[in-house]
Amino acid sequence: MFNLNSPEFLGADRPPERETPERVQAFVSRHRAFFILLAVLVAQLLLLSVQITRNRKARLIQVWAVAVFDPFARTLRASYDATTGAWRSYRDLSGAQQQNRELNLQLVAAHSQIQQLSQQAAEAHRLRDLLEFRNHLPFQAVAAEVIASSPGETSKAIFIDKGMDAGLTSDLAVMTPAGVVGKIIAVFPHTAQVILITDASSGVACTLEKNRVQGILKGGSLNLCQIHYVMNEATVSVGEMVLTSGLDQIYPKGLPVGSVAEIAEGNIYKTIKVQPAAALDRLETVLVVLKPPSSELQALNSPSHP
Amino acid sequence: MHPAILWSTVFTALLLQAFLPLKLPLARLFDFPLLVTIYFALVKRDKIVAIGLGTGMGLVQDALSNGFIGVFGMAKALTAYLAASASFKFELDEILARIALTAILVPVHGLFLFALQRGLLEVPPPFQPFDLLSSALVNVGLGLILFHLLDRFRRPA
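Protein chains in written order, with my numbering: chain U, 2 to 307; chain B, -13 to 143.
FYI, nobody ran anything at the bench for these hints, they're computed from the structure. It cannot be assumed that every hint is accurate.
[To be verified] If you want the ones that stay clear, here's a sample from chain U, every Cβ over 10 Å from chain B, calculated:
#, residue
1, A34
2, Q45
3, L61
4, A123
5, R135
6, A144
7, E241
8, I264
[As the list claims (entries may be wrong)] Just the calculated beta-carbon pair ranges, DEER-fashion:
#, chain 1, residue 1, chain 2, residue 2, range
9, U, V67, B, S51, 20 to 30 Å
10, U, A74, B, W(-7), 46 to 56 Å
11, B, R138, U, A40, 34 to 44 Å
12, U, A83, B, G38, 30 to 40 Å
The beta carbon of each residue, even a glycine, is placed where N, CA and C say it ideally should be.
Chain B on its own, in the form it takes in the complex:
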């Protein structure tokens, strides 16, 4: 995949993540940066690159949010590493594999965020399992669409 596609995808994901929730309430469950991180971790099949991409994506997301810098950075770094690790062990070009991976990694990402907030913040937000589940379902569907779109720009191996 051309690097310009990668960076423009990253930029667009962050832009949508910042803009869409203002117009669409359901968009608060979307996590475009996470989906993009998972996709490129699967495609690149390089753990180090995936870690870098996830960390960068997360830090930018932190910078654009009102929270502390590093929360999303850590969560997306971990998610990227897991996705890249899974890409070594499993063949994830299949739709079912991607659905399964996304369905696993989105809650893992959410739980990791919750654990971080619980451990670091004096007044952590309450645990909302329904939101977690909802986010998993929504992002699985969104991921299928996004992954299919991005696959068009992949160069044949």
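Looking at chain U on its own, in the form it has when it is part of the complex:
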């Protein structure tokens, strides 16, 4: 069975050890037939792949080529997408930060604008109420803005933005829809000074609503007023409304002054503390009552007039 004369058994001279390329070449030469067989098989395989079609007439060689290159192409595409995606994310993030800053600034500006608009709306509402109130008044009145208050703890006065140019004079009553504020004590070309009813030097002829007890309202402490010259025998109750009596010829009759906050018995007269009706610490817009003709004033202040 075994051919002892075959070159395989005779022991061909083995070449001595050589460098790697030469060893590879010697290896290839020794197995030349095997490599030729491989080449022939591969060539025929390629020939077959050109003939055989898959999936709607695609040639097998195309299918193989796509199968070989597809993973690399996908990997390359994925790498490219990842890189561009990272760059785009970075750029978008930078843009988002910048946009965030700008939006924050816009937001602050918008908030400020909203606040201003809210204040304007509130002022408009207030002015509308004032206008309606003025329209219902039986006398003429001029609206004025409070522009300043008198510096100093003892003097409780304010400045308004109307003066001689608006036809104001001293001893004109100043009020709000809520109640009496004070009276003008000094007039300047474009400004007037108003003393508040809480000032110690002010005085308002007033009357209590229920029993029609009359007295003089003067400024007191802690932003309260005090009614003087009310006899102890008079019946006064806490919470009772205090109105102007009109007897001082300054304040029209029947205007709200405040409400009774405290009552104390004195030697002869009661000590009646009054909480002003108008918010004297938050004055913004006031009405200055213009002096009507004396005949009208007398009619307004007559006992028959409510």
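Starting from the known structure of chain U, arrange chain B on it as the hints suggest.
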């Protein structure tokens, strides 16, 4: 062996392979080109020549069949290489050796064909082991006759 004998044998084998199955149903199991390839691979004792002969034989067989070019070419190239390799290692002039070699190489050829069709075709033919075995037996017998006939034309070494 004279080259004319070789080429005429190759031609005759292909002719018989194409003609006989029309007349004889059993002839579908014959593989004359394969037997001729095995014989000349054994006789030539040159792997490269055997590869060339097997490839050529197979390609012509493919060309004459309705299949794809290269199927039989690859199978016969491989078979020829194995036969030539065996001729270096074993003394195959003996009948038993030839029977054994043929009995091995015919199924190897058939299995390789099946593997190719399975791998390349979308709808491969079903595996039929009975046909494979039958083909091996038939071709062993046929090979003995053919090898004996062809040995007459061999020139003494």
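Each hint, compared with the structure:
no. : hint                        : verdict
1   : A34                         : violated (3 Å)
2   : Q45                         : violated (4 Å)
3   : L61                         : violated (6 Å)
4   : A123                        : holds (83 Å)
5   : R135                        : holds (99 Å)
6   : A144                        : holds (97 Å)
7   : E241                        : holds (108 Å)
8   : I264                        : holds (111 Å)
9   : U:V67 x B:S51: 20 to 30 Å   : holds (29 Å)
10  : U:A74 x B:W(-7): 46 to 56 Å : holds (49 Å)
11  : B:R138 x U:A40: 34 to 44 Å  : holds (35 Å)
12  : U:A83 x B:G38: 30 to 40 Å   : violated (52 Å)
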